[in-house]
Amino acid sequence: MKYAYYPGCAAEAIMKEANDTTIMVAHILGIELVDMKNATCCGAGCLDEANKELSYVINARIFAIAEQMGLDILTICSTCLQTMAKINKELKSDPELLERTNKVLREVGMEYKGGVKMTHLLWVLAKDYGLNNLRKKVKRPLNMLNIAGFYGCHTLRPGEILGFEDPRNPQSLDLVISALGGHPVEYRGKTRCCGFHTLLVNERASLKAGGKRLQEAKDQGADCMVTPCPLCDISLDVYQGEAEKLYKKKTQLPVFNLSQLVALALGADVGDLKFKKHLVSPQSVVESVLAGQRS
Amino acid sequence: MRRKIFIKRFDPETMEDAYIQGFVLDIAKNATLLEALIKIKEDQDGTLTFRKSCRSSICGSCALTVNGVAVLACSTRLDSIDWGEKDLHIEPLGNMPVIKDLIVNFHPFWHEIEKTMPWLEAKEAEGDRENVVSSEEARAIHESANCIMCGACFGDCTIRETDDNFMGPAALAKGWRFVADVRDSMKQERLELLSEDCNVWDCTRCNLCIDRCPKEVRPLDQIVKIREEAVKAGITDNKGVRHIMAFQSDIKSSGKLNETTMPLKTVGVLRSLGMIPMALRMQMKGKVPFPILKDIEGIEDVEKIYEIMGVDE
Numbered sequence: 000m001k002y003a004y005y006p007g008c009a010a011e012a013i014m015k016e017a018n019d020t021t022i023m024v025a026h027i028l029g030i031e032l033v034d035m036k037n038a039t040c041c042g043a044g045c046l047d048e049a050n051k052e053l054s055y056v057i058n059a060r061i062f063a064i065a066e067q068m069g070l071d072i073l074t075i076c077s078t079c080l081q082t083m084a085k086i087n088k089e090l091k092s093d094p095e096l097l098e099r100t101n102k103v104l105r106e107v108g109m110e111y112k113g114g115v116k117m118t119h120l121l122w123v124l125a126k127d128y129g130l131n132n133l134r135k136k137v138k139r140p141l142n143m144l145n146i147a148g149f150y151g152c153h154t155l156r157p158g159e160i161l162g163f164e165d166p167r168n169p170q171s172l173d174l175v176i177s178a179l180g181g182h183p184v185e186y187r188g189k190t191r192c193c194g195f196h197t198l199l200v201n202e203r204a205s206l207k208a209g210g211k212r213l214q215e216a217k218d219q220g221a222d223c224m225v226t227p228c229p230l231c232d233i234s235l236d237v238y239q240g241e242a243e244k245l246y247k248k249k250t251q252l253p254v255f256n257l258s259q260l261v262a263l264a265l266g267a268d269v270g271d272l273k274f275k276k277h278l279v280s281p282q283s284v285v286e287s288v289l290a291g292q293r294s
Numbered sequence: 000m001r002r003k004i005f006i007k008r009f010d011p012e013t014m015e016d017a018y019i020q021g022f023v024l025d026i027a028k029n030a031t032l033l034e035a036l037i038k039i040k041e042d043q044d045g046t047l048t049f050r051k052s053c054r055s056s057i058c059g060s061c062a063l064t065v066n067g068v069a070v071l072a073c074s075t076r077l078d079s080i081d082w083g084e085k086d087l088h089i090e091p092l093g094n095m096p097v098i099k100d101l102i103v104n105f106h107p108f109w110h111e112i113e114k115t116m117p118w119l120e121a122k123e124a125e126g127d128r129e130n131v132v133s134s135e136e137a138r139a140i141h142e143s144a145n146c147i148m149c150g151a152c153f154g155d156c157t158i159r160e161t162d163d164n165f166m167g168p169a170a171l172a173k174g175w176r177f178v179a180d181v182r183d184s185m186k187q188e189r190l191e192l193l194s195e196d197c198n199v200w201d202c203t204r205c206n207l208c209i210d211r212c213p214k215e216v217r218p219l220d221q222i223v224k225i226r227e228e229a230v231k232a233g234i235t236d237n238k239g240v241r242h243i244m245a246f247q248s249d250i251k252s253s254g255k256l257n258e259t260t261m262p263l264k265t266v267g268v269l270r271s272l273g274m275i276p277m278a279l280r281m282q283m284k285g286k287v288p289f290p291i292l293k294d295i296e297g298i299e300d301v302e303k304i305y306e307i308m309g310v311d312e
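So the protein lines, in turn, are chains A and B. Going by numbering that gives the first Met the number 0, the first sequence opens with residue 0, and the numbers climb by one from there. Going by numbering that gives the first Met the number 0, the second sequence opens with residue 0, and the numbers climb by one from there.
Keep in mind the hints are simulated off the structure, nothing from the lab. No residue lacks a Cβ here, since even glycine has one placed at the ideal position from N, Cα and C. It is possible that some hints are incorrect.
Unchecked claim - Some residues of chain B that are not near chain A, with every Cβ distance over 10 Å (derived):
1) F5
2) D16
3) V23
4) D86
5) E123
6) K186
7) E195
8) K214
9) G254
10) I275
Unchecked claim - Once the Cα atoms are required to be at most 16 Å apart in a straight line, the calculated EDC-like pairs of lysine to aspartate or glutamate come out as:
11) A:K36 / B:E299
12) A:K207 / B:E227
13) A:K15 / B:D300
14) B:K3 / B:E129
15) B:K303 / A:E106
16) A:K51 / B:E227
17) A:K36 / B:D294
18) B:K85 / A:E185
19) B:K303 / A:E110
20) A:K51 / B:E299
21) B:K303 / A:E52
22) A:K91 / A:E66
23) B:K264 / A:E202
24) A:K51 / B:D220
25) B:K238 / A:E52
26) A:K36 / B:D300
27) A:K102 / B:E195
28) B:K231 / A:D173
29) A:K36 / B:E296
30) A:K51 / B:E258
31) B:K255 / A:D34
32) B:K238 / B:D220
Only chain A is shown next, with the shape it has when bound in the complex:
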C-alpha cells in the first residue's frame, strides 16, 4: 500500500503529534507514505469562499502532483478530506471546469487529468488495510478502556461526496477501536460537531459545542475520546479547559488523535507518542493500557 501523503496544515504545526504518530503507524503496518513537498494548503473550505476559481486551481495543482507520482492521496485531516473530495468531484464531473482550471495550471507546467482519489487514514485502516490485519498487529490491547469515537463532521458529511459510510450510522471508527481491543462508547455527540470552524469567529458558541460533545461522551462512561481529525483535536483537547470555564463544569476527558491511539496499541515507544503535548493529560489512561500489557 502506497499513498501520496497529505497531513494538512494543522498536523504539520499545532497538532504535529498527529503527523509524527501517523508516520509511525504507517511504518509499523508497512503502509508507504510519500511526502508531497510541493503541496499547498487545500484552503480548508475557506479559500473557496474567498475565491472559488482560485481554490479549484490550487487543489487541482495538489491533485496533479499526486497524479504525477501515480498515487492516490491519503490525508489525516477530515477537513482536508472533505474540501479536496468535494473539489475533486466537481473537477471530475465538469469537463469545462477541468479545462478552465488546467488552462491556468499549464502555465506552470502542470495538468490534472482527473485520476486521483482521496482517502483518510481511518478509511485505510478500516477497509484497505483491514480490521483483521490490524487486530493481529495489536501488542497493547486497549481492553481496559471505554473509548468514545468522535468521527468529525468532515469524514461523514455530505454523505454523497464522501460516500465511505452512512453519515448517520458510521461504523469505521468504532470498528477500529474494537480491533484495538477497546470498547466503543455510544453517545449522542458521536456524529456531531466540535465547533472548530467557528472558533475564531464565534468563540463562545464554538467552545460550547466542543464542551457539549465531551460531556455527552463522559456521561456515557467514556474514559477517553479518539478522533481522526486534528482540528477536532484542537477543539476538544486544546480548548477543553476554556469550555469547562463556560459550563463551570470539569470534564477532563483525554482526547487522542487516531494515529496516537493506534500507535499506542501497536506497541510504539510511549515516549515517542507526544502525550505530554496534550492539554488534558492522558497519563492515567495510558498507564492503564501499559498496566494491562504487563499483567
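Dock chain B against the given chain A, drawing on the hints supplied.
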C-alpha cells in the same frame, strides 16, 4: 412486525420533568413513523400529542427527532431508520421550547425567518412588461425556494444549540432565496443584514443541515453562496471575511496556513491580547509553532497562479 417505541412525554402544565414512555406495537415494517404515532394515539394513549397534517412531506408539520436525528415523521419509514439503537427513541425537535410531548414552540424559528425580510422588494419593471427571469436565474434559487419550514435543520443545528443569536440554516437559506432573486432591489442591504454580527459567518460548516433537510434545500450550500456574494459585494469588515482572506494570503506567501498568525489576522490585535493566557498554556505544551513558515517547494508556481488569476493578497 413488533416494534418498541420510546417517546419523550412532557406537559409543562402538569409536570416538572419530562419522562420516557415505552410502547409496543404491531405494525407493518414499512409503515411510516407518523403512522406509528397515529396508531399509538388511537389504540394505546389518546393523550399523546404531535403535529401532523398533509402526510405527504409538503406541509412541514410533523418534524421530530428519532434516535438523535431530526426527520419528517410522514416521510420516514420505520424500516429506514438504521441509525442509533434498534428500538426507536422519539423526542421533539431540539433548539425550541416544548409545548407538549412532541410539539415545540416554533416562535424562535419564525423570529429568525422574519429577520431575513422574506418578501420581494421588486425592482422597477423594465419597459411596459413584468421582470423576466431566465431559467438559469431561477435555478440559482431553486433549492432554497424548496424549503417547507419544517424546522428539522434548525432543531439539529450545532451553532443554534449553543448560540441563540445565530439565525440558523433555514433562515439563512431563506436569506439566499431573496439575495439571489434577480427581481429584488435590495441585494446589498440583504447581504449586509445577513453579515451583521457575523451571522452568516457563525456557521461551523458541520453539514448537519444538509443531512437533515427532507427537501434537498442544502442550507449550508446557500450559506456558502451568501458568503461568496458578501465578499464580492465588499462587505468584508468582519471576522468571518478576515478569516477566509487569511487563507488566501497565507497560501500565497508560503504555501501553507500560518496557524500562529491566524488569530491575529482574524480577530485583530486588541482581541488577540485576550488570547494571550491561552497562547501561553499552548506554548508550554509546545503547541505554538514558529510564526515564520518555510516555503513549500515550488512556491513560485503558486505565486504565478495568483498573478495569472489576478488575485491580490
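Check whether the Cα positions of K303 (chain B) and E110 (chain A) lie no farther apart than 16 Å.
Holds, because 15 Å separates the two Cα atoms, which is no more than 16 Å.
Assertion that I275 (chain B) lies outside the chain A interface [Cβ separation over 10 Å]:
holds (13 Å)
16 Å Cα cutoff - pair K91 (chain A), E66 (chain A):
Within the cut-off at roughly 13 Å; holds.
Between K102 (chain A) and E195 (chain B), is the straight-line Cα distance small enough, at 16 Å or below?
Given that 16 Å is the threshold and the Cα spacing comes to 38 Å, the pair is violated.
Given the hint that K303 (chain B) pairs with E52 (chain A), does the C-alpha gap stay at or below 16 Å?
Since the Cα atoms of K303 (chain B) and E52 (chain A) sit roughly 15 Å apart, the hinted pair holds (cutoff 16 Å).
Least C-beta distance between K214 (chain B) and chain A, which was stated to exceed 10 Å
At about 15 Å from chain A, K214 (chain B) clears the 10 Å cut-off, so the statement holds.
Given the hinted pair K51 (chain A) and E258 (chain B), is their Cα-Cα distance within 16 Å?
violated (22 Å)
Holds or violated: K303 (chain B) and E106 (chain A), Cα atoms, limit 16 Å.
holds (8 Å)
Just to be careful, I want the Cα atoms of K238 (chain B) and E52 (chain A) compared with a cutoff of 16 Å; is the pair within it?
violated (22 Å)
Would the hint linking K36 (chain A) and E296 (chain B) be met if the CA-CA limit is 16 Å?
OK: K36 (chain A) and E296 (chain B) at ~6 Å, within 16 Å.
Beyond 10 Å on every Cβ pair: is that true for E195 (chain B) relative to chain A?
Consistent with the label, E195 (chain B) stays out of reach of chain A, its closest Cβ about 13 Å off (over 10 Å).
Hey, K36 (chain A) versus D300 (chain B), does the alpha-carbon distance stay inside 16 Å?
holds (13 Å)
The structure fails to meet hints 9, 12, 13, 14, 20, 25, 27, 28, 30, 32 from the earlier list, while all remaining hints are met.
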